[in-house]
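Protein chains in written order, with this note's numbering: chain A, 228 to 330; chain B, 454 to 944; chain C, 429 to 957.
Hints were generated in silico from the structure; no laboratory data involved. Where hints are given, some of them may not hold.
As the list claims (entries may be wrong) - Per the computed footprint, the stretches of chain C lying under chain B, defined by three or more beta-carbons under 8 Å from a beta-carbon of chain B, are:
#1 486-500
#2 571-578
#3 584-594
#4 599-606
Beta carbons: idealized from backbone N, C-alpha and C, even for Gly.
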Amino acid sequence: MVPLNWYLTVAALLFALGLYGALARRNAIAVLMGIELMLNAANLNLVAFWRYGEQVMALTGQVFAILIIALAAAEAAVGLALIIAVYRDRRTVDVEELDLLQG
Amino acid sequence: MNALGLLLPELILLVGALLVFLLDVAYDTDRESGASYGLVSGLFLVVAFLAAFFQMSLEPQQAFMMDIDAFAAFIKMTVFAGMALVALAGGRYMNRRTYNQGEFWTFFLIVSLAMSILAGANNLVLIYITIELLSITSYMLAAFFRDELRSAEAGMKYFLYGSVASAVMLYGLSFIYGAVGSLDLREVAGFFVQPDLTEELRVAMIPATLLALAGFAFKASLAPFYQWAPDTYEGSPTPVTTYLSTASKAAAFAVMARFFVVGLSALDVEWVPILAGLSILTMTMGNLAALRQNNVKRLLAYSSVAHAGYILMGLVAVAANAASGMDGLNGVLLYLFAYLFTNVGAFVSLMAVEETTGSVEMEAFQGLIHRAPWLAGMFTLFLLSLAGIPATGGFLGKFFVFGAAVQHQYYWLVAIALVNAGIAAFYYLRIIRTMYFGSQEDAGSRLELPLGMQATLLICTLATLWIGLYPPQVLDWVNTASQQILTAVLF
Amino acid sequence: MESIVLVVMLFWPLLAALVVLLFGGSDRAVKTSSILMSLVPLALSVYLLWGYDFEAGGIQFQVRAEWIPQINASFRLGVDGLSIPLVFLTALLSTLSLYYSAGVIRHRVKEYFFLFHLLEMSMLGVFVALDYVLFYIFWEISLVPMYFLIGIWGSDNRDYAAVKFFIYTLVGSVAMLLAILAIFFATGTFDILDAAAAQPFSQQLTIASLVFWGLFLGFAFKVPSFPFHTWLPDAHTEAPTAGSVILAGVLLKLGAYGLLRIMLPTLPHAAVFWAPWLVALGAIAIVYGAFVCVAQSDLKRLIAYSSVSHMGYVVLGIGAAAAVMTPEALADLANVFSLSPEALQDSAAMAINGATLQMFNHGIITGALFFLVGILYERAHTRDLFRFGGLSARTPYYYGLMMVAAFASLGLPGLAGFWAEFFTFRGAFAIVPAWAAFGTLGIIITAVYFLYRIIQNVFLGEYDPAKIEHWTTVDGQPAEGPTDVVGFEKLTLWPLVAAMLLIGIYPTPLVEYFNQSALELLNFVSTLS
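Isolated chain A, as found in the complex:
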């Protein structure tokens, strides 16, 4: 069987990638995509830990992962709506250009 560490490593890479995207990209859509990657990294962790854990019958990790998938969808929906609201007014989704509020 593939060892647990492999899953964790992939998840960590995914997380790092997502975090980099969320922090470094200026396009709000790209930030949103980064966030999705991070969530999926967590999902991968949860499922892997569940599969390799002692209480496989409890299904905790798996259920959590499914809930997260649902939440991620809700979050993306609201996020996209917000991005569209901003886009309508400003014709841009560049995070750097959101500078009405600062100081």
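Knowing the structure of chain A, use the given hints to seat chains B and C on it.
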């Protein structure tokens, strides 16, 4: 009482939210009738408050991944009181500015529901889901005036920071699950108190805790995750700002307290220094930034960041068996309770000025004493309370939190907090100065307050003085609440 | 009656404040009712003076009620020989200030009198509270009305002065709060007397020193002791006349009162250890304050710095007494000077009496001086010393009053100030001779600035009408030249001048009160192991 009965406050809010939602769908409401939704929401919140008050006296028990104990009940009381006051004061403000009142008040009740669940959640799944529920609805409320550039921007910034933070937190939680094999906080706690816990595992939990902390710190606007707060607070509709800075913060600290004090009580050697560092960072950054603000709303936003730092001091100085009646945890609760009334009062005062002058810049407050003497007087009281001047609730909160830190001999922490209190007084005085020190001539026209705001201000004033001058009753609640959670730690 | 008198006295000003705020009609009605209502605390304070039982001694007129049982804080009031005269001083100066203000305050009258009553309550509260929480609450509340008084009714630079006053004293008091908390955790009570009886930290000098300095910072900012005095000149100079009177007359005494009521009995070991520092700070303040006075050209600023100098006597006296606060220290010091411990203890009592007498005298003398400066300012609209001259012939009545106050302040025998200085130095010489000798320099310099600066510049010499653009009467009407004091100003000053004369000739009744508490303090610490 059956398990469903234990969820009475939550059920009341759920019914309220659905009712408003369905009414809104069923009837083609106009501006006039839509205003009544605010009233309905307020009533449901009051009833939920009473239910939470009733829960204060119950024996601690569990239902559906939630602890029904005095701690949760006290936080619920705090939250509901805050939300009801916001509804009372901000109802007219919102109703005048939007056609979608039905939506607003539905989400308003759902936000309250989320905070209520968060107060009692003892399972990491539920904690995560409710934080998300709270966050997502708050994003929407922050951006509720979607045609206003500022409101939309506030919502979007809140969303971007918030979802990054919660994703980071989730990743951290996944490791805790990996180590423990369960998401139940009690089992997490039980796992870490094992005597044969290896040193490697303890050390490995530090990054996991740090990651998880990101999410909580975001909700409580702690450094270094507070940058969203000033922007969001400034851009959001003022009633939304009001609850974000008070009730939402109370819920965040409640869940932090449960997570750290109950869940990770055995790892306190690891997390106490981290929280202490964050506390210093938060209060210093908040205060320094507040010093150079000229927009009062933004100033209060930074001040609320600084206050999060003081509150965190209390969480640093928690002991399971405090003999003196002055411990970090009851300090946190007392602070949250007092801060709620004070800060709601401060933001409602701001709202009152905004309603008349349309501005929240410092200039709008020029000579307020001549235009609205009572408003200026009460705003002064709130600002003094925020500055921690005695005879107000804000003082008692600081008194307990500082006291806990002294008791645990975190003298350096207290010393830094002391310097911060001095800096903070400076910018609160700036507002007071603007209101009072001008001459009568250039003050402008008189200011009329709507009834709801008057009532809210009066309640907040009385509550602030009550907590400051005669607190035994509040202290009883606070002590019961913190005792129950601390005995939960000791099994 | 016994038990309720303090409660009534304490909360009466609050009632007066609320009456003014809620029912205050015309300015005239506000002024009249304020003055009348302020007579009640004054009458009650006289009752305290009269009713204090010297045979029984100790704390009297006690009130004790449960307040915050969770942290052992109770609503406890009481007065003894130390606090009764100070309570009287507070009530007297408040009434006089209100009376004087009624004559000169013309805008935002209602707010002014509301704040003044609040101020009076907080000051009385500090003197009668016997519980740390209560004490601290009143202590801090006193900041707020004073901040507004300076900020709204002050002169040109009021904004800066008000903020500086507030922030400085706030930082000091927060340090004090931490010390209070430390004492609480060591003793488990917020009761000032019980905490003193429990003698916290008597075995741990390091922590005791930290706590000592926490308390001292709080008190020293208020006193103000050198080098914590920098807020004072600004605040005093910019405040309205009555505000300066209360600041100098009462607020500064709060700090000195705290030193005697809390610091010496609660932390005698630390007090002994740090006594040389207190003495040094006191002596330096005396000389430094006096020297700075000589260099002032602003009349009000000069009086303000004279407060720094005069409060230095208080710190010097208290510091000298602090040096013998434990029996061991007393015995050691007696060995060094080859005196009997009893003689040394007498000297300590003398030093405390000097300090406390100085607190009272400084209150009436500097209060009078600030009134006098205010009277001149109302007419000339400047405080610049060099623009006056030859006023003695034109305003003889004013000249006479100023002479009495100035001579009282510089310690002329026969007037009030003399006894305080005499007692302080007599006591301090026996305990800390070198610093006391250094401090006496201050007396000489004080004479220099009062005689040379004020009397010479303002009253003697030639009157030059060109120096001041427009004289007015006290009502703001244009006038040809300086006009002499009018009725209400005379009435404000006479009680103070009378007190200076009376205490100068026959100080015994007043000293009895102070001596009672000084002996009690020394008795208390001599029983400590």
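* To do: Please count how many residues of the region 584-594 of chain C have a CB within 8 Å of a CB from chain B and say whether that reaches 3.
  => holds (count 5)
* How about the region 486-500 of chain C: do at least three of its residues have a C-beta closer than 8 Å to a C-beta of chain B? -> holds (count 6)
* For the region 571-578 of chain C, do three or more residues have a beta carbon lying closer than 8 Å to a beta carbon of chain B? -> With 4 residues closer than 8 Å to chain B, the region 571-578 of chain C meets the three-residue bar; holds.
* Would you say the region 599-606 of chain C counts as covered by chain B, given the rule of at least 3 residues with C-beta under 8 Å? -> holds (count 5)
In summary, the structure agrees with every hint in the numbered list given earlier.
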